[in-house]
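Student: From just these sequences and the hints, can you work out the full model?
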Amino acid sequence: MTMSEVADVLKADVLVKGDGIGKSVRHVMASDLMSDVLLVDEEDMLLLTSLASDQVLRTAQIVGAVGVVVVNGKPLPSSMVNVANDLRMTLATSRLSKYDACVAVHAALNRA
Amino acid sequence: MSTAPQTAAAKPDAEPADNEPLVLLELIQRLKVRDVMTGQLVTVPRNATMRQAQELMREKKISGVPVEENGRFFGLISIDDIIRALVAGTIEEACGEHMTTKLVVLEDDMPLSFALRYFDRYRYGRFPVLNRDQQLVGIICQRDINRALLVELTNVLNRLEGSAGPNIVQSGAHSIYVLREFPICKYDFENAGKAANQIKQVLQEKKFPPKIIRRIAVAAYELEINLCVHSDGGVLSWQVSNGRAEIVARDAGPGIEDVEWACRDGTSTANEWVRSLGFGAGMGLVNVKRVSDEFEITSRKGSGTTVRSVIYIGDMP
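In order, the protein sequences belong to chains A and B. Under my numbering, the first residue of the first sequence is numbered 1, with each subsequent residue one higher. Under my numbering, the first residue of the second sequence is numbered 1, with each subsequent residue one higher.
Just so you know, these hints were derived from the structure itself, not from any lab. All values reported here derive from a predicted model rather than from experimental measurement. Be aware that one or more of the hints could be misleading.
[As the list claims (entries may be wrong)] Once the Cα atoms are required to be at most 30 Å apart in a straight line, the calculated DSSO-like pairs of lysine-lysine come out as: (1) B:194 / B:32; (2) B:61 / B:102; (3) B:289 / B:194; (4) B:289 / B:301; (5) B:60 / B:102; (6) B:61 / B:32; (7) B:289 / B:186; (8) A:23 / B:207; (9) A:17 / B:207; (10) B:186 / A:74; (11) B:60 / B:32; (12) A:23 / A:11; (13) A:74 / B:194; (14) B:194 / A:98; (15) A:11 / A:98; (16) A:17 / B:206; (17) A:74 / A:11; (18) B:301 / B:194; (19) B:301 / B:186; (20) A:74 / A:98; (21) A:23 / A:74; (22) B:194 / A:23; (23) B:207 / B:194; (24) B:211 / A:23; (25) B:194 / A:17; (26) B:211 / A:17; (27) B:206 / A:23.
[Said to hold, decoys possible] Label-pair distances were calculated between CB atoms; the ranges are: (28) B:253 / A:44: 35 to 43 Å; (29) A:44 / B:271: 30 to 38 Å; (30) A:42 / B:101: 51 to 59 Å; (31) B:204 / A:112: 27 to 35 Å; (32) B:151 / A:26: 50 to 58 Å; (33) A:42 / B:303: 37 to 45 Å; (34) A:44 / B:314: 17 to 25 Å; (35) A:75 / B:294: 40 to 48 Å; (36) A:27 / B:314: 21 to 29 Å; (37) A:2 / B:306: 43 to 51 Å; (38) B:201 / A:75: 24 to 32 Å; (39) B:157 / A:102: 48 to 56 Å.
All residues carry an ideal CB built from backbone N, CA and C; glycine is no exception.
Tutor: See below:
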């Protein structure tokens, strides 16, 4: 299932279509602690977070994530869109809670 | 009226324009408010009269005077306050009754870029400067900034005349890539991570193996965030040569009392603000060690810390 399809499942607004938009999502991590994200060695990971900051995108670029979905419908600072464009990182925002987003992605990936 | 000074700790909102001079941008990130402020303060106690404050301001040729007792900051008397007191006939009354208390203050270890943005945002003539213990340690005005930047720019120009060089050097059969050093400022979350992002982009362009890129990027990012969160500011340097990538984070303080403790899983001295930004879980050094083939840290309380991470990359691409 591609990052684009996952965004559909999460009813997410895709604000920036980065290099990973057409890539397959192989792993999902849901966390607001970037220190934990940096510990994960999985490739092609989707990051679900309720943290709306530039560092989320910088962390995602470091670990090679296919995209970032900010959950809970959190308003994003305008700098996030600029940083996502600079890093060519897919950035989306969903109104689902983190728990509901995890459930929805899990079900969708199992079906795929 | 609020009596609590509001610390200017919010995230700066404006991205620097692409065409701003890089040297100047680095300077305003590297210089701290404490490097620029006037530290020898002229102050008045709360029970001084407004007239005494007015005479002090005239005598010292200053446009504002802090109200302070034993390091504790209470407010500020400005020319506006003096004019109001003259009009209202309260010029013989105590400063404590008529001082401005709704104030924005700066902290002494903030980058100068914060101060510049706050001058732009609030249009005040000066900002009081507090230290970590909330004691008044100085005052900063635009003139202080102009003077400090002129002095620093002259120093930088003198240095550049003798040492200008490219960011990337390639030599011989084995390519050697040397990136310039990245100055990292305390609490500068606007820019934290940029150096590591750039390092990763360069490695991807040079087609290094993805697993190696990830390890180098993680080490650089963790060390960069550490400099931003824990040090008073420092330098992240990076180079690849002879089959090794070496990342070094060097700062001038405050130093680590117990290095062994700091390298343990989950131990951190980060404050709540840093944690709210997703960092400070005490995993940084542990993670750097995890991805490194060689790891070394030297530190002493009261002086600087140097962390060195080496990752073997095998044959150069």
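Student: Each hint needs a verdict: does it hold in this structure or not?
Tutor: Hint check:
1. This hinted pair checks out: residue 194 (chain B) and residue 32 (chain B) have alpha carbons roughly 20 Å apart, not beyond 30 Å.
2. Distance check on the hinted pair: residue 61 (chain B) and residue 102 (chain B) sit about 24 Å apart at the alpha-carbon level, within 30 Å; holds.
3. Note on residue 289 (chain B) and residue 194 (chain B): the hinted pairing holds, with a Cα-Cα distance of about 21 Å set against a maximum of 30 Å.
4. Our distance criterion of 30 Å between C-alpha atoms is met by residue 289 (chain B) and residue 301 (chain B), whose separation comes to about 21 Å.
5. This hinted pair checks out: residue 60 (chain B) and residue 102 (chain B) have alpha carbons roughly 24 Å apart, not beyond 30 Å.
6. The hinted pair formed by residue 61 (chain B) and residue 32 (chain B) meets the criterion: a straight-line CA distance of about 26 Å does not exceed 30 Å.
7. At most 30 Å may separate the alpha-carbon atoms for a hinted pair to count; residue 289 (chain B) and residue 186 (chain B) meet this at roughly 23 Å.
8. Straight-line distance between C-alpha atoms of residue 23 (chain A) and residue 207 (chain B) comes to about 19 Å, which keeps the hinted pair within the 30 Å bound.
9. A distance of roughly 23 Å separates the Cα atoms of residue 17 (chain A) and residue 207 (chain B); the hinted pair therefore holds under the 30 Å criterion.
10. Between residue 186 (chain B) and residue 74 (chain A) the alpha-carbon distance is near 27 Å, which keeps this suggested pair within the 30 Å criterion.
11. Distance check on the hinted pair: residue 60 (chain B) and residue 32 (chain B) sit about 26 Å apart at the alpha-carbon level, within 30 Å; holds.
12. A hinted pair counts as satisfied when its Cα atoms are at most 30 Å apart, and residue 23 (chain A) with residue 11 (chain A) qualifies at roughly 18 Å.
13. Proposed proximity of residue 74 (chain A) and residue 194 (chain B) is supported: the alpha carbons are some 24 Å apart, at most 30 Å.
14. This hinted pair checks out: residue 194 (chain B) and residue 98 (chain A) have alpha carbons roughly 27 Å apart, not beyond 30 Å.
15. A threshold of 30 Å between alpha carbons decides the hint, and for residue 11 (chain A) with residue 98 (chain A) the separation of about 13 Å falls inside it, so the pair holds.
16. Distance hint between residue 17 (chain A) and residue 206 (chain B) is fulfilled; the C-alpha atoms sit about 24 Å from each other, no more than 30 Å.
17. Restraint check: the Cα-Cα separation between residue 74 (chain A) and residue 11 (chain A) comes to about 14 Å, which is no more than 30 Å; the hinted pair holds.
18. A C-alpha spacing of about 28 Å is found between residue 301 (chain B) and residue 194 (chain B), which places the hinted pair at or below 30 Å, so the restraint holds.
19. With a CA separation close to 17 Å, the supplied pair residue 301 (chain B) and residue 186 (chain B) stays within the 30 Å bound.
20. Our distance criterion of 30 Å between C-alpha atoms is met by residue 74 (chain A) and residue 98 (chain A), whose separation comes to about 11 Å.
21. Only pairs whose Cα atoms come within 30 Å are accepted, and residue 23 (chain A) paired with residue 74 (chain A) is accepted, the gap being roughly 25 Å.
22. For the proposed pair residue 194 (chain B) and residue 23 (chain A), the alpha carbon gap of about 24 Å is at most 30 Å, so the pair holds.
23. A distance of roughly 20 Å separates the Cα atoms of residue 207 (chain B) and residue 194 (chain B); the hinted pair therefore holds under the 30 Å criterion.
24. With a CA separation close to 18 Å, the supplied pair residue 211 (chain B) and residue 23 (chain A) stays within the 30 Å bound.
25. Annotation: proposed proximity of residue 194 (chain B) to residue 17 (chain A) holds, straight-line Cα distance about 20 Å (limit 30 Å).
26. Note on residue 211 (chain B) and residue 17 (chain A): the hinted pairing holds, with a Cα-Cα distance of about 24 Å set against a maximum of 30 Å.
27. Between residue 206 (chain B) and residue 23 (chain A) the CA atoms are separated by roughly 22 Å; this keeps the pair inside 30 Å, and the hint holds.
28. Roughly 41 Å separates the CB atoms of residue 253 (chain B) and residue 44 (chain A), a value that falls within the hinted 35 to 43 Å.
29. Against the hinted window of 30 to 38 Å, the Cβ-Cβ separation of residue 44 (chain A) and residue 271 (chain B) comes to about 35 Å, which satisfies the hint.
30. Taken as a hint, the range 51 to 59 Å holds for the pair residue 42 (chain A) and residue 101 (chain B), whose Cβ atoms sit roughly 53 Å apart.
31. At about 28 Å, the beta-carbon gap between residue 204 (chain B) and residue 112 (chain A) stays in the expected band of 27 to 35 Å.
32. For residue 151 (chain B) and residue 26 (chain A), the hinted distance range of 50 to 58 Å is satisfied, since their beta carbons lie about 54 Å from each other.
33. With their beta carbons about 39 Å apart, residue 42 (chain A) and residue 303 (chain B) fall inside the hinted range of 37 to 45 Å.
34. For the hinted restraint 17 to 25 Å between residue 44 (chain A) and residue 314 (chain B), the CB-CB distance of approximately 24 Å keeps it satisfied.
35. For the pair residue 75 (chain A) and residue 294 (chain B), the beta carbons lie near 44 Å from each other, so the given range of 40 to 48 Å is met.
36. Distance hint check: the CB atoms of residue 27 (chain A) and residue 314 (chain B) are about 27 Å apart, consistent with the given range 21 to 29 Å.
37. Distance hint for residue 2 (chain A) and residue 306 (chain B): a CB-CB separation of about 44 Å, consistent with the stated range 43 to 51 Å.
38. Remark: the range hint 24 to 32 Å for residue 201 (chain B) to residue 75 (chain A) is upheld by a beta-carbon distance near 29 Å.
39. Between residue 157 (chain B) and residue 102 (chain A) the C-beta distance comes to about 55 Å, which sits within the given range of 48 to 56 Å.
When held up to the earlier numbered hints, the structure conflicts with none and fits them all.
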